[in-house]
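Number of protein chains: 4
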Amino acid sequence: MKKACKPCSEAAKIWMQIPAPKRGDIVRQIGDALRAKLQQLGRLVSLEMGKILPEGIGEVQEIIDMCDFAVGLSRQLNGSIIPSERPNHMMLEVWNPLGIVGVITAFNFPCAVLGWNACLALVCGNCVMNHRKGAPTTPLVTIAMTKLVASVLEKNDLPGAIFTSFCGGAEIGQAIAKDTRIPLVSFTGSSKVGLMVQRTVNERFGKCLLELSGNNAIIVMDDADIQLAVRSVLFAAVGTAGQRCTTCRRLLLHESIYQKVLDQLLDVYKQVKIGDPLEKGTLLGPLHTSASRKNFEKGMEIIKSQGGKILTGGSVVESEGNFVQPTIVEISSNAPAVKEELFAPVLYVMKFQTLKEAIEINNSVPQGLSSSIFTRKPEVIFQWIGPHGSDCGIVNVNIPTNGAEIGGAFGGEKATGGGREAGSDSWKQYMRRSTCTINYGNELPLAQGINFG
Amino acid sequence: MKKACKPCSEAAKIWMQIPAPKRGDIVRQIGDALRAKLQQLGRLVSLEMGKILPEGIGEVQEIIDMCDFAVGLSRQLNGSIIPSERPNHMMLEVWNPLGIVGVITAFNFPCAVLGWNACLALVCGNCVMNHRKGAPTTPLVTIAMTKLVASVLEKNDLPGAIFTSFCGGAEIGQAIAKDTRIPLVSFTGSSKVGLMVQRTVNERFGKCLLELSGNNAIIVMDDADIQLAVRSVLFAAVGTAGQRCTTCRRLLLHESIYQKVLDQLLDVYKQVKIGDPLEKGTLLGPLHTSASRKNFEKGMEIIKSQGGKILTGGSVVESEGNFVQPTIVEISSNAPAVKEELFAPVLYVMKFQTLKEAIEINNSVPQGLSSSIFTRKPEVIFQWIGPHGSDCGIVNVNIPTNGAEIGGAFGGEKATGGGREAGSDSWKQYMRRSTCTINYGNELPLAQGINFG
Amino acid sequence: MKKACKPCSEAAKIWMQIPAPKRGDIVRQIGDALRAKLQQLGRLVSLEMGKILPEGIGEVQEIIDMCDFAVGLSRQLNGSIIPSERPNHMMLEVWNPLGIVGVITAFNFPCAVLGWNACLALVCGNCVMNHRKGAPTTPLVTIAMTKLVASVLEKNDLPGAIFTSFCGGAEIGQAIAKDTRIPLVSFTGSSKVGLMVQRTVNERFGKCLLELSGNNAIIVMDDADIQLAVRSVLFAAVGTAGQRCTTCRRLLLHESIYQKVLDQLLDVYKQVKIGDPLEKGTLLGPLHTSASRKNFEKGMEIIKSQGGKILTGGSVVESEGNFVQPTIVEISSNAPAVKEELFAPVLYVMKFQTLKEAIEINNSVPQGLSSSIFTRKPEVIFQWIGPHGSDCGIVNVNIPTNGAEIGGAFGGEKATGGGREAGSDSWKQYMRRSTCTINYGNELPLAQGINFG
Amino acid sequence: MKKACKPCSEAAKIWMQIPAPKRGDIVRQIGDALRAKLQQLGRLVSLEMGKILPEGIGEVQEIIDMCDFAVGLSRQLNGSIIPSERPNHMMLEVWNPLGIVGVITAFNFPCAVLGWNACLALVCGNCVMNHRKGAPTTPLVTIAMTKLVASVLEKNDLPGAIFTSFCGGAEIGQAIAKDTRIPLVSFTGSSKVGLMVQRTVNERFGKCLLELSGNNAIIVMDDADIQLAVRSVLFAAVGTAGQRCTTCRRLLLHESIYQKVLDQLLDVYKQVKIGDPLEKGTLLGPLHTSASRKNFEKGMEIIKSQGGKILTGGSVVESEGNFVQPTIVEISSNAPAVKEELFAPVLYVMKFQTLKEAIEINNSVPQGLSSSIFTRKPEVIFQWIGPHGSDCGIVNVNIPTNGAEIGGAFGGEKATGGGREAGSDSWKQYMRRSTCTINYGNELPLAQGINFG
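Protein chains in written order, with the UniProt record's numbering: chain A, 1 to 453; chain B, 1 to 453; chain C, 1 to 453; chain D, 1 to 453.
Only chain A is shown next, with the shape it has when bound in the complex:
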């Protein structure tokens, strides 16, 4: 790692001098290179990670979308000119590149999370040092992407070190966290590890962009379109085998429609086709590793010991892969298990009587990533998105907790870490801001009208 950082530092000096719109054009070429390999990369994601093919392709599409978005952004990394209170002074707010951005990503989105970070980091003038964290279980997609990017850089006579990837153990992540040449570390993973990375980075006065655990609820109000809600819960709870940070883990049902929704849900859960993720029609592929499967089994034990009642699923599937059943558990919102993120297709169902109560349950977990409500009442919608509503970074209405668009800022509050990726002004985290005041006159008037000497 240390050796790799040197050429990256050298490359950074070159890259940050290239005008942003030219950097944007490189990112456009990267997008085109990915677009030409969309199907192949999608299959590779599916194969390595285990998610079903439409999701694998969707993930690659997401980086391509990010590339297109970043191209436009490369002409809009705007600073501000702010009126100065002093004559013959100009105040400017200027955004400059950071240098190198470390990107530590997780197995579940081997493409998209890197893409979000890399596209923005690159147009903002930074080099990227990528580390696929933990056991190196998805190396091929990383290698394929790195090669594609390298070929574009080389075609433009630029050093390949602008985009460097590592597929190694935790020691690489630690080295990135400690390296003072890396002013920003973008980390995606658990709240626990994220907190440790943050501490290490902060101690050397670096910055973190954290995308940590989610524990996302869907609230179904009594006036909801139940069919829409049931479809959404299925996608949000079972999709990617429950291994998205935005997976729905908690389902809060108004008492008046509790049984109705549950019955429909149990019905569709029965029809979920489990199997080869590359096969058409499969909705639920395997968990990523055997450790994940064991974790699921352990989770089931804990749930039961805390009073959870398994309504469907609850077991691993006897087969060669790491398949588990899609699971629904009836449980109290106060059970300790409900406060934690179990990375598997397990959904906790609970009942509520009032909107206020539902929002309190929604906000009662340490995490604050995503949340959804199903309703048709404007007063409920606006309360939900207002000061006394959901405390999450993503606050949806009549759509699932997962499946964000790149145009908005993606990320969450509290134990989710507070970072924002993709759209809106997320790019600002990849740059440093200076407030510049230029005196082009001959006098020295002081702010706040002070006289000195």
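A couple of the hints might just be wrong.
[Unchecked claim] Okay, derived cross-link-like pairs now, BS3-like style, lysine-lysine, Cα gap no bigger than 30 Å in a straight line:
#, chain 1, residue 1, chain 2, residue 2
1, D, Lys13, C, Lys356
2, D, Lys377, B, Lys356
3, A, Lys377, C, Lys260
4, D, Lys6, C, Lys356
5, B, Lys294, B, Lys339
6, D, Lys304, C, Lys178
7, D, Lys37, A, Lys147
8, D, Lys273, D, Lys351
9, C, Lys428, D, Lys6
10, A, Lys428, B, Lys339
11, B, Lys428, A, Lys339
12, D, Lys351, B, Lys377
13, A, Lys6, B, Lys339
14, C, Lys3, C, Lys13
15, B, Lys13, B, Lys178
16, B, Lys6, A, Lys339
17, A, Lys356, B, Lys377
18, A, Lys147, A, Lys178
19, B, Lys37, C, Lys155
20, B, Lys339, B, Lys270
21, C, Lys22, D, Lys377
22, A, Lys428, B, Lys178
23, D, Lys304, D, Lys377
24, A, Lys6, A, Lys22
25, D, Lys356, C, Lys6
26, D, Lys377, C, Lys377
27, C, Lys377, C, Lys351
28, B, Lys339, A, Lys3
29, C, Lys339, D, Lys178
30, C, Lys22, B, Lys428
31, D, Lys309, D, Lys273
32, C, Lys192, C, Lys260
33, B, Lys351, B, Lys377
If you are wondering where the hints come from, they were derived from the structure by calculation, not from laboratory data. Predicted model, so just to flag it, every value in this text is computed and none were measured.
Mind docking chains B, C and D on chain A? Use the hints.
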């Protein structure tokens, strides 16, 4: 502290429901109440803190300016409507209040720093819990301000707990740092303590806004307006007895004008009138405490032991107050003393040959708050504010390192902590952002064109 | 007028040089001066214009709000720094003052419209030449305001010509329209006169900001809160005796609630107290002039001749003042009278079957100022504010067509003229924008990669 | 034309319903289609219009850049959420498509101007009706582009009428100007015709985006880099045979370097290779038509009659094409000829003594498009871009008047018409803005605290 947090929490529920422009009107009334007491409060600052009267009044003026600014802001805490890629969907980026903001401030700006934070926190819909940190040496100004604010709140039938102040020991700061009911802690002080506060707040998944140590350089190029530079250095190095976070601590002189600038500087240093800060004509009041004076004496010893040559000053003034001489030291940019912030009117002078070298020295310290260059060449100005220029949060040209306007964002990078206060989009740190997607149709199209089930 | 323009031109040179935040402080003082006279000015508006006292005071409050808003704005008239595609180039978007802004206002808002324009024009660095248009029927309020402003300017050693008012005939308006020293003319009045002013100003390559006729509809859907709707219609149709540009002139009722709403409305119309606008409890004061009353009578004739059926009112009140009855007319949406603005408390009621039909009727008039819908269905709300919804500049839900807040942009499309006043980025109309590219290097790279010579 | 507007209206209903990011993807495909034909289209521009090949290719590159930029923009056509002063109210500023945008373009930029307009109009949700104005002298490029766009639209199952082109006479332009189904007409051409179009469009309450005549000056200060200045003047005055709206027509030289610059300029003018624009090395192709050549000849007569002294050039070239000599004329800044735009490579040279005088001359013409200064003094640079500086829309430093980047807003003030195209917030002109206030509560609080009834 714990007891005080309860009424503050209750008050927060009320305050965040009040429409922002109405909150702005309360802040306007606070501004008017301060304006009516400008002279008195200014004297009080001067008396307690030790800064000269024009600076004491300037500091109060700064909160008044912030109040006026915040009133306008109360109608501009704008979210965004972002085009959704899905038909019948609307994507909104909404900003909501946090609840309670803890503000831990330092002795040197008893009014302004609280004002910056409180004005923004209040219009953003938050209650403020203020703690004047360390030894309670400036309690009167805090008490006076708190009373003024309370009287405005009461006149408007609002709970006084919206704005709560503590004048106590470090245990109060720790309690604020640990309290999970306080999502944001704004801390002004040393890098060392700031880092500890940050760790405590992060461990409970809270956020910090840090304004930590500065170690600010002024670069004087060979083409500079030397008279302007000398006046600026005097104000930046001697003003507030060197006890500003933006105090100029390092002076980088181009070799060709080194002696000339130094001679002029030594000349004006001799004329600095030391004495009662309330007296007209005084430029240098006492240090804040006897501990500060001891710290100065210890600093002088260290400087000498590291090869520093004292060109003027270097001693305490034999008198009843904590007066010290304005001091200029010739020293290598590599001396360890130069990397640290000595909170006293001590200026390190060094020589350079090229702009590149000067910028490297400027950026070679852990802190990254403020910096200035004196030059009349556009190519130097634009390099200085560009990717290979100063790495500070404040990057000035032909003005001192201190004396920021409230319209810009105030704060610094690296060991200075990364927070931004006052103008620009600093208010966003006092709010939480949600990316809200509302589906008002009957269908469930997924992002990235995914098909599921 | 010509003579007055000279000192105004001289004053403009001084005023535009004053830093914007200092200009903001002057506007703050103007706001405070108005606040001190709120009740008196409100009574004067009521007395001269004829609107009821709460509306008179509300109008003065609106300028005060604008002053407060403009103070904040004076530190936020931000330009942009845009990334250049060329190395060693910086691209800036700079906003500069225009010089003089001509403001031609109407009788019905003698304070507010001037205030909207003047506050923005002043902080943007422009002098104001105000002309109260048509018969000089509201001179006292203009004189009072001008004196207040002058006293503030003088107290600050600034020329009074920064704010100049004329109370004269149409020839003054024409002189303003023709004067090449006035780059922007802000005109409030009828579409017919506005069009003429626009042509005159355009011929000399000046710009117009037009706030012309409105013809505003309220749609009540079958699911509406009828009580809320009826109260809103009353305020929107009868308030200010129907002499607001945002007065509701057309009421579109879903057939299923047509009779119910109408019955309630006829009931409240009967209780409207007509009389002295200064008296407590009065809801409907006189029309502004006897010409207005005659116009009302003529309008009634036309309405009847086009098949309109008068359900209540329809006559002048026999008394000394220019009082008329609040009137409701049942009429076809195709009647020519419905396409025009009759400046009196006359409301056209019509029936519709579908949302699509209601929106078509709403959009079928030449004017495009304000519009409201009453409904509780999100799909209706979002369609109403979307691409196939209302084509007006103001698009409300569950509130009347009138009573805008200053934080948003006020104005309308089509024959309403397209101008925007008050909040949002309305200030940009009062400034000129330059796209500045600064080459601080030694080379001459061309955009789009062109080689020349 | 009338017939064509019908399918365009139908297409508009479909197009504006498509989510903006999907529209962006169509524009991306158009960009790719153009990119694949860059060389061919560039040659076609060169062949038809007469500009040299690098400029022909540069022009096509500019639309491609605009497409890339517009793709990003399609996720950033952001509205605002503005804090409401009323509880349970939300204020939104929403941007919606206009429907159809008429684009009337000129011969000199057959590709770029259409591209600027079409890219923005399309992502904003509008259909485009394009008219290449005047004599149909560049029909092939229009036809080629229209076919490319049509093929992309059809591949996506969209109606070709979304992008409609006409190559006809002035009657088509008039029909567009009069058609009430076209809310916005973007016109590029002379100030005289532009004014007529504007009047026609305004009479039917439509809007215009005008890009009219320029009369652009370059100022060379005594401290300027003369080599840079001379190269810039050559490109700005001779490029495109003086047929750019941003062509430099006036050269203002400080008296101290007057002769030196002039000598160097006369020297390079001699070396300008006149000839076949497709041939390598040619710098000056023919004028566009024989009418243009006649106009040049007439211009020379007028110049002489007004005291102009021809220093070089001044004649047509005896050959088959419409070639004329690159011409430099010494003339008073007050000569009437200097106030007008002669569309040919004719440069007026004049002398000045002070910056103030130079800026006065720069601003003394009716047009306000582009302007440049050559200097190395910050105080001159900042005065030039400030309130008392250039009154043009484009204000350059150390680069020519022509050759704008797409990231900034392109356009000018005064007789240039005030429109802005390409980057920054130019897209807003292609949309209509609504200020929407939604009451989701049960009460009816009024703005400005008014009580009614």
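Okay, the hints, checked on the actual structure:
1. D:Lys13 to C:Lys356: Judged against 30 Å, a Cα distance of about 14 Å means the pair holds.
2. D:Lys377 to B:Lys356: Measuring from Cα to Cα gives roughly 21 Å; hence the hint holds.
3. A:Lys377 to C:Lys260: holds (24 Å)
4. D:Lys6 to C:Lys356: holds (20 Å)
5. B:Lys294 to B:Lys339: Given pair lysine 294 of chain B, lysine 339 of chain B holds - Cα atoms ~20 Å apart, limit 30 Å.
6. D:Lys304 to C:Lys178: Since the Cα atoms of lysine 304 of chain D and lysine 178 of chain C sit roughly 33 Å apart, the hinted pair is violated (cutoff 30 Å).
7. D:Lys37 to A:Lys147: holds (28 Å)
8. D:Lys273 to D:Lys351: holds (28 Å)
9. C:Lys428 to D:Lys6: violated (36 Å)
10. A:Lys428 to B:Lys339: Holds, at about 28 Å.
11. B:Lys428 to A:Lys339: Holds. Lysine 428 of chain B to lysine 339 of chain A sits at ~28 Å (cutoff 30 Å).
12. D:Lys351 to B:Lys377: holds (26 Å)
13. A:Lys6 to B:Lys339: It holds: about 25 Å lies between the C-alpha atoms, which stays within 30 Å.
14. C:Lys3 to C:Lys13: holds (17 Å)
15. B:Lys13 to B:Lys178: At roughly 21 Å apart (the allowed maximum being 30 Å), lysine 178 of chain B and lysine 13 of chain B satisfy the hint.
16. B:Lys6 to A:Lys339: holds (25 Å)
17. A:Lys356 to B:Lys377: violated (62 Å)
18. A:Lys147 to A:Lys178: holds (27 Å)
19. B:Lys37 to C:Lys155: holds (21 Å)
20. B:Lys339 to B:Lys270: holds (27 Å)
21. C:Lys22 to D:Lys377: Holds, because 27 Å separates the two Cα atoms, which is no more than 30 Å.
22. A:Lys428 to B:Lys178: Between lysine 428 of chain A and lysine 178 of chain B the Cα gap is close to 29 Å, so the pair holds against 30 Å.
23. D:Lys304 to D:Lys377: Violated: lysine 304 of chain D and lysine 377 of chain D sit about 37 Å apart, past 30 Å.
24. A:Lys6 to A:Lys22: holds (24 Å)
25. D:Lys356 to C:Lys6: Answer holds: lysine 356 of chain D to lysine 6 of chain C is near 20 Å, not above 30 Å.
26. D:Lys377 to C:Lys377: violated (62 Å)
27. C:Lys377 to C:Lys351: This hinted pair holds, its Cα atoms lying about 20 Å apart.
28. B:Lys339 to A:Lys3: holds (27 Å)
29. C:Lys339 to D:Lys178: holds (20 Å)
30. C:Lys22 to B:Lys428: OK: lysine 22 of chain C and lysine 428 of chain B at ~26 Å, within 30 Å.
31. D:Lys309 to D:Lys273: Between lysine 309 of chain D and lysine 273 of chain D the Cα gap is close to 23 Å, so the pair holds against 30 Å.
32. C:Lys192 to C:Lys260: violated (38 Å)
33. B:Lys351 to B:Lys377: holds (20 Å)
Checked against the numbered hints listed earlier, the structure breaks hints 6, 9, 17, 23, 26, 32; every other hint is satisfied.
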